[in-house]
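2 protein chains.
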Amino acid sequence: MFENKERTDIAELGEFGLIKHLTQNFKIQHESSIKGVGDDAAVLDFSEQQVLVSTDLLLEGIHFDLAYVPLIHLGYKAVQVNLSDIYAMNGVATQITVSIGISSKFPLEAVEDIYKGIELACNKFNIDLIGGDTSSSKQGLVISITSIGHAKKEDICYRNGAQEGDLLCVSGDLGGAYVGLQILEREKLIFLENPQIQPDLEGKDYIIERQLKPEGRRDVVDLLAQLKIKPTSMIDVSDGLASEILHICTQSDKGCTIYEDKLPIDPVTYETARELGLDPTVCALNGGEDYELLFTIKQADYEKLKNDVDISIIGHITDKNSGCRMISKSDVVHELKAQGWNAFKK
Amino acid sequence: MFENKERTDIAELGEFGLIKHLTQNFKIQHESSIKGVGDDAAVLDFSEQQVLVSTDLLLEGIHFDLAYVPLIHLGYKAVQVNLSDIYAMNGVATQITVSIGISSKFPLEAVEDIYKGIELACNKFNIDLIGGDTSSSKQGLVISITSIGHAKKEDICYRNGAQEGDLLCVSGDLGGAYVGLQILEREKLIFLENPQIQPDLEGKDYIIERQLKPEGRRDVVDLLAQLKIKPTSMIDVSDGLASEILHICTQSDKGCTIYEDKLPIDPVTYETARELGLDPTVCALNGGEDYELLFTIKQADYEKLKNDVDISIIGHITDKNSGCRMISKSDVVHELKAQGWNAFKK
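Note that the protein sequences, when read in sequence, are chains A and B. Quick note, the first sequence lines up with residues 1 to 346 if you use the numbering used here. Quick note, the second sequence lines up with residues 1 to 346 if you use the numbering used here.
Worth flagging that the hints you see were computed from the coordinates, not collected in a lab. Don't take every hint at face value.
Identical copies go unnamed one by one, so any copy, or any two together, can satisfy a pair.
Taking lysine to any residue pairs in the SDA-like style, the calculated list, with each CA pair at most 20 Å apart, reads [to be verified]:
no., residue 1, residue 2
1, K138, L66
2, K20, L246
3, K20, Q339
4, K20, T250
5, K138, D9
6, K337, G14
Extracted from the complex, chain A is given alone in its bound form:
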């Protein structure tokens, strides 16, 4: 991965030198970041706002495969995955802490690449890096990020507020990240068998990017604020649409009906799923890693959203006893099940 690049031994810098080196270009952008990297703890000030905190752990071999994930993309995605949780609360993300464990086989340039990706995400989404921890790892690459944000108390969207009759909405399109991963896995196998063959990713840019470089939907949070819509519940689609719908219904003590023909699936996702012998609907329901926002709105808000091409209304909330159902294109009723990603499956 770094054969032709310059290699600097991380041990030369030591832990404090490494942190300083990696974080020196990060600028503090928020008034709430009173003190960032360089003391025992960061100091933040959010007067009259509630603070939002979320954390994610990414492990090599479980959450990513360095055979096809470029390190810059990995850094970028690690941040996005975290910010997405803050947006899913209808909040403003403002700070992150980043802890990294790195194999001693990694040269400094590799860690720099990860931090370049982190920096890109921080700059694009207006985030301050305020702390972290850097260590050697005997066990492959480990990235742990905690994101911090804020919101007014009355603006925060929990998962438990969906009411009967509310409309179920989802941003963007679904299944792309999963189908993109299948393509990357296929090309990896081909490469392992014959390293001379170049990967065939033609026409797959969109879904490869959905997998490698997802974007947290801050724009959707902004749009909802502009339209003066406060969702009654919200969650981000990390494990798969079906799993997330069940979280909202379980926590709100409700049921739902969604319609297969309303699920937003990009043509590239659809065609590639078919090529690979996969059902595009199953990819959309259970694929995960799309980092779109799933939310419920009152029917009274329908007029404000109905013409937005980026938001799909895929169904509605029902009473609990009706269960969680999907009506297929051929009008068959299916029970929704969470078959999303389980990190503990062997």
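Fit chain B to the supplied structure of chain A, relying on the hints for placement.
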């Protein structure tokens, strides 16, 4: 490690089932914890207080060795290491998030043990567990904790406030955690050569406990508040006294003089270091992991602290040009160097 115990496969529970199972006994104790585990992000409310955030990553084979670290102690220590950073800001620690990556070889009972230790620490130090992430790991055990706390703006102690003439103080005693580790390492080697030999830890309880079960010094923060002393700078002793003194002096743009005969070293630490052929002073200066608090106070505060047996005054702050020096018992001047723990040394 779990040969004679019940074994439950974690995959049976899945990620959400596991988180629910592990966190169900944790009670929310703080009014500032508006929403804990169970949504995309935790929601906190600290009106008119500044928020403190710190994070640490603990990796198997780097930060701990499961050959001699009981999992309950590991969970307990992982929390303490984090709280210590909040106390080092003169803050009140209130919440933590815990992310864990676990080998699929681990049964549920092993993870439960880690969480028992986390729970003990939370209960003892009045901390709310408010979120986290749980994943399988192909790479050994990974624990990442982020701690959150608060303080009034005017009470926060940074590392950069030490002034010429200020007194350098340290709580408790030093070097014990390091010497305890040497004993554990010695007994591990003996065990590997001959598993029939029982470990010989007689009389070493104190230093073994210093290594396996350190305590964040919240009591020192409380004491300083009672005595109405605000340290001019403060840091916790995680990497070693010399390294921490140099952080304070560098960030405060000052020098210092400390006295070897003032360094607080417990008799068990002293005798055991000698047994092992180690210099007790070097252990105190460079051992690390003591999690005591190192701080500077104005000379005017001397009278308030001088009779406290738990606080040692080990030297004073000088101008920058005098450098950072230790006067030995035989009146020789040594330059202080950070030889603390470097996770990147090979």
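Checked hints:
1. K138 - L66: For K138 and L66, both the intra-copy (16 Å) and inter-copy (14 Å) Cα distances are at most 20 Å.
2. K20 - L246: between (44 Å within a copy, 16 Å between copies)
3. K20 - Q339: between (43 Å within a copy, 18 Å between copies)
4. K20 - T250: Intra 45 Å, inter 14 Å, cutoff 20 Å: inter-copy only.
5. K138 - D9: So K138 and D9 pass the 20 Å test inside one copy only (16 Å; across, 25 Å).
6. K337 - G14: Between copies only: 14 Å across chains, 49 Å inside a chain, cut-off 20 Å.
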